[in-house]
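Engineer: These are the residues of each chain, in order.
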Amino acid sequence: EAQVTQNPRYLITVTGKKLTVTCSQNMNHEYMSWYRQDPGLGLRQIYYSMNVEVTDKGDVPEGYKVSRKEKRNFPLILESPSPNQTSLYFCASSRPPGQGAYEQYFGPGTRLTVT
Amino acid sequence: AQSVTQLGSHVSVSEGALVLLRCNYSSSVPPYLFWYVQYPNQGLQLLLKYTSAATLVKGINGFEAEFKKSETSFHLTKPSAHMSDAAEYFCAVSGGGSYIPTFGRGTSLIVHP
Numbered sequence: 020e021a022q023v024t025q026n027p028r029y030l031i032t033v034t035g036k037k038l039t040v041t042c043s044q045n046m047n048h049e050y051m052s053w054y055r056q057d058p059g060l061g062l063r064q065i066y067y068s069m070n071v072e073v074t075d076k077g078d079v080p081e082g083y084k085v086s087r088k089e090k091r092n093f094p095l096i097l098e099s100p101s102p103n104q105t106s107l108y109f110c111a112s113s114r115p116p117g118q119g120a121y122e123q124y125f126g127p128g129t130r131l132t133v134t
Numbered sequence: 102a103q104s105v106t107q108l109g110s111h112v113s114v115s116e117g118a119l120v121l122l123r124c125n126y127s128s129s130v131p132p133y134l135f136w137y138v139q140y141p142n143q144g145l146q147l148l149l150k151y152t153s154a155a156t157l158v159k160g161i162n163g164f165e166a167e168f169k170k171s172e173t174s175f176h177l178t179k180p181s182a183h184m185s186d187a188a189e190y191f192c193a194v195s196g197g198g199s200y201i202p203t204f205g206r207g208t209s210l211i212v213h214p
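Keeping their order, the protein sequence lines are chains A and B.
So the first sequence is numbered by the numbering used here: it starts at 20 and just counts up by one.
So the second sequence is numbered by the numbering used here: it starts at 102 and just counts up by one.
Simulated from the structure, these hints should not be mistaken for laboratory data.
One or more of the hints may lead you astray.
As the list claims (entries may be wrong) - Chain A side only, calculated, beta carbon under 7 Å to chain B, not exhaustive: (1) L62; (2) F109; (3) P116; (4) G117; (5) A120; (6) E122; (7) F125; (8) G126; (9) G128.
Since we're looking at a predicted model, the values are computed, not measured.
All C-beta atoms in this analysis are idealised placements derived from N, C-alpha and C, irrespective of residue type, glycine included.
Construct the complete structure from the given sequences, taking the supplied hints into account.
Structural biologist: In structure tokens, the structure reads:
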């Protein structure tokens, strides 16, 4: 089954404690992306990756890091989480956007609470 | 840079009534256009997409959208709302000179019995 998986689905942590949210896709997609969803603000892109070892900042990259060492995985790293990073996070993947009408496939989401 | 505007953060309809969710985009060339739906506690899933093959696009669950180049619009409609249609709906655009997909802020559809 084609899917994007994220782990964990729910996470409560404290300020400053480093954490990683994993994302994996099994569709051999080149493009992967991280979004955060907050009430009234819709989806905001954090980072994206066009392919292995190619990453770039989205609209709200501050406080986040990513890596793309393998095509299937795109972890999101919060080195020192703060309460303003409390949000619902989504990972997505697709074939190269802009080269065709390629829809994005979304993971189920990770709800993060930073106290 | 391209942008997407969804008019109305909330739309409320009665069960059986017409659903109309508005989406306008700005792009120098015709882009690829998408509607996604997000049911409570789930990720987004594709509802339908415009690929330039036809201006009227049919999607899942009875939804359809019409691409109007002159109005730079891609509004989503459904003739008769069902309670199960209550969800968040996102319009998105890619291509049209920009590689990176851009999402609208979303419209929450509320369906009253």
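Engineer: Against each hint, give a clear statement of whether it holds in the structure.
Structural biologist: To see whether the hints hold, each was checked on the structure:
{"no.": "1", "hint": "L62", "verdict": "5 Å, holds"}
{"no.": "2", "hint": "F109", "verdict": "6 Å, holds"}
{"no.": "3", "hint": "P116", "verdict": "4 Å, holds"}
{"no.": "4", "hint": "G117", "verdict": "4 Å, holds"}
{"no.": "5", "hint": "A120", "verdict": "4 Å, holds"}
{"no.": "6", "hint": "E122", "verdict": "4 Å, holds"}
{"no.": "7", "hint": "F125", "verdict": "4 Å, holds"}
{"no.": "8", "hint": "G126", "verdict": "6 Å, holds"}
{"no.": "9", "hint": "G128", "verdict": "5 Å, holds"}
In terms of the numbered hints stated before, the structure departs from none.
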